[in-house]
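Student: Given the sequences, and given the hints that come with them, work out the whole structure.
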Amino acid sequence: METLLRITNLGRSFGSYSALSEVNLSLGRGEVLGLLGPNGAGKTTCLRLLSGVLAPTTGRIELHGIDLAKHPLKAKRQLGYLPEQPPLYPELCVDEYLKFCAQLHQLSRRQLASAIAEVKQRCGLEDSGQRLIGTLSKGFRQRLGIAQAIIHRPQLLILDEPTEGLDPLQMRTLRKLIRELARECSIILASHLLPEVQAVCDRVAILYQGRICFNDYLTTDQPIYGWRVRLGDGSTLMQLTALSGITGAVAIGEDRYRVLLDDDVDSAQFAQRVMRAGLQLRELVPERTDLERAFFDLIGVESER
Amino acid sequence: MIGIMVGREVRSAFVTSLPWILLTGGQIILAWIFLQVIERFSGLEAAGRTVTLTQELTLNVFGFAAILIMFAAPLLAMRLLSSEFQDGRFDLISAAPVRMVTVVLGKFIGLLILITPLCLLPLVNVLLLAYSAELDYEQLAAATLGLWLAAALFAAVGLYASSLTAQPGTAVFIALSMLLLLSIIGRAEQFTATTLSLFEWLTWNEHLFWCLIGTIRLSDLAYFGFFILFFLLLTQRRLTNRYLQ
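Residue numbers (this note's numbering), protein chains in the order written: chain A, 1 to 305; chain B, 1 to 245.
Everything labelled a hint here was simulated from the structure, so no lab data went into it. None of the hints are false.
Derived contacts from chain B toward chain A, CB cut-off under 10 Å, selection only:
(1) Ile4
(2) Gly7
(3) Val15
(4) Gly88
(5) Phe90
(6) Leu92
(7) Arg242
(8) Tyr243
All C-beta atoms, glycine included, are put in the ideal place defined by N, C-alpha and C.
Tutor: Encoded structure:
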């Protein structure tokens, strides 16, 4: 896969506070990278550096071989950026705003009308052209934020928590849009929500205290590392380990357990055995990836503080 | 690109109420001063008239308009950068392939266009007398040019103050403090033992005064040009520092 973005030893300090350090990443064309991490991990700082809004203290960002610090105008032409709070002018109407964004990215007069019509169609804003931005709902504002970021057809799209504050239906629509956009450009998406990253990303990098501590591809056929089980009230670990086909089990809460099954036992057989033993099965969830473990380990570290 | 920035600023401002309130309020106050000058001048005997009507009007109406614009410019300037920093809108421009100098010039020219109607208000008022009194049009032109140059200086100071903080109220306060300092610094001369004309040169009202009495001096033009450029460069520097810091 052709490398579109290469980040080398990227770091950023604010005075004596180091917000980001030693970040090394690369992104292929058409790839969707999820930048995951708890609040304050350095995700927004990282995205602001990548979009050229902030200058790095150390390191280098190359977009298609163009150094962002040395040739910012050339590199920024290939970038689309949606900050955490969409940068909208509430006093303008949607068409005026999109026209301004297109002009900022130096689209020619000839291209303007078609580019505006296209992004409005893609982002579901066809009927909102004359509406004042100040009157738009949160979901529409987010869509407009994405529209401004893609109006010039960037090769790299940077989205900072794009589904934050949206209802489940709006989230689903937006995720579908992001997957569609990934056919044309590479995307970096920051989120603190694991399911969101799992839903739309090909690859995930976990940021913690300003450092990348996990970076791997997400595949659907990853091995199952165990099962999380929730049983009826009054269950004991002894009752669970007494069942056949179980390699090991640990209690992780009241009536909650983490269970490892024998290789020849599948989840359906395990569920049957639990039911036959008279234990009420309320939840049976696979623990699939290193990602979940890495992420929840970090969240655990956070919550223990 | 500068034209695009200017167009957006002007469009955004004129769909809000602030410029219209400033224009209306400014016109009411200037009309009142204008009528007072006319009443006082027409009540004087011919022998008691030491200055011409045009001079009376330029010194009073145009002079007061300068004070009004000094307060209006920071109010109009605060939304150009300070408000954009506050709600994150400046990221749109920062992430776009636009040079910082283009941003500064775009915003400054946009602000200047917003202030220009305020600069023309005194002239419009005075021209009501065009058919009923003898007016010195050259002096009126000089006064209008002087007022516009002073307004451009206020705009540059307002824009710089707006670049210093993400709190619009604080930006207005900083701009007004700087402009008041530039207004009264000439009085410092009275407290010094020796005659130090530097303080006098630094104050804007001394330079505006010459324009109001109909004299356009190169030194006055150089003063306004120098300080406008100085504050625009400071603004550009400040925006670059925001990226680096």
